[in-house]
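So the chains spell out like this:
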Amino acid sequence: MLDQSTRDRIQSDIDASDVVLFMKGTPVFPQCGFSAAVVGVLSHLGIKFKGVNVLDDDSIREGIKQYSDWPTIPQLYVKGEFIGGCDIIREMYETGELMEMLNTHGVDVNPQPVQS
Amino acid sequence: MAMQAHEIEDLIRLAFPDAKISIEDLRGDGDHYSCMVESAAFLGKTRVQQHQMVYNSLGGRMGGQLHALALQTRAPKS
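Those protein sequence lines, which keep their order, are chains U and H.
Just so you know, the first sequence maps onto residues 1 to 116 in the numbering used here.
Just so you know, the second sequence maps onto residues 1001 to 1078 in the numbering used here.
If you're looking for bench data, these hints aren't it; they were derived computationally from the structure.
Hints may contain errors.
Heads up, incomplete: computed chain U residues facing chain H, CB under 8 Å, no partners named [what the hints assert, rightly or not]:
#	residue
1	Lys24
2	Val28
3	Trp70
4	Pro71
5	Thr72
6	Phe82
7	Gly84
8	Asp87
9	Glu91
10	Glu94
For every residue, glycine included, the Cβ atom is placed at its ideal position computed from N, Cα and C.
The whole structure should be built from the sequences, with the hints applied where relevant.
Written out as structure tokens, the structure reads:
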């Protein structure tokens, strides 16, 4: 069960920034391919986000799965709303829905120019 | 502990009898799969809800016994 103090800590992490990624490792040094893939998408779109390293804290690592009823990490939150894990983010990125969703949520997006 | 592709398919089939299911063992190690599920049960559901429905059909194995299942879901096109 998700106890209240863990839930409060998760909630304050989610509220700390418009875009929050619960991940394994850090944005600079992801320690899992799925987390790295989402960091790659967010970086490519020039989105500022806060990374929460679940490997630092087992109660957050297990708690976040119960919080969202989602069995895996990474998990992306925008303005407090759970958007999805790696598969969903990748699919939304490919279809352009991710940009659209960020725009409607009023999140700044600065896509990187394609390197030649 | 790994899972066989047909075990995954059987569990999903139980929950979604109408589904078109395709599963690929990405590395041949019984631990990294990609899976596409098409079912009318997904009509009107968000992607998050659709994936949650599939995860629920796997009865808690996702993220534990089943390490990696790249999932795609969709409702049939009318």
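Here's how the hints hold up against the structure:
A hinted interface residue such as Lys24(U) counts as satisfied when its beta carbon comes closer than 8 Å to some beta carbon of chain H; here the least separation is about 12 Å, so the hint is violated. For Val28(U), the shortest C-beta to C-beta distance to chain H is roughly 23 Å, which exceeds 8 Å, and the interface hint is violated. Checking Trp70(U) against chain H by beta carbon gives a least distance of about 7 Å; that is within 8 Å, so the hint holds. At its closest, the beta carbon of Pro71(U) sits 4 Å from a beta carbon of chain H; the interface hint therefore holds under the 8 Å criterion.
Interface restraint check: Thr72(U) against chain H, minimum CB-CB distance 5 Å, threshold 8 Å, status holds. The beta carbon of Phe82(U) is positioned within 8 Å of a beta carbon in chain H (closest approach about 6 Å), and the interface hint is therefore held. Satisfaction of the interface hint for Gly84(U) is found here, the shortest Cβ-Cβ separation to chain H being roughly 6 Å, below the 8 Å cut-off. A cut of 8 Å between beta carbons decides the hint on Asp87(U): the least distance to chain H is about 5 Å, and the hint holds.
Because the closest C-beta pair between Glu91(U) and chain H is about 7 Å apart, less than 8 Å, the hint holds. Because the closest C-beta pair between Glu94(U) and chain H is about 11 Å apart, greater than 8 Å, the hint is violated.
Figure legend: structure checked against the earlier numbered hints; hints not met, in rising order: 1, 2 and 10.
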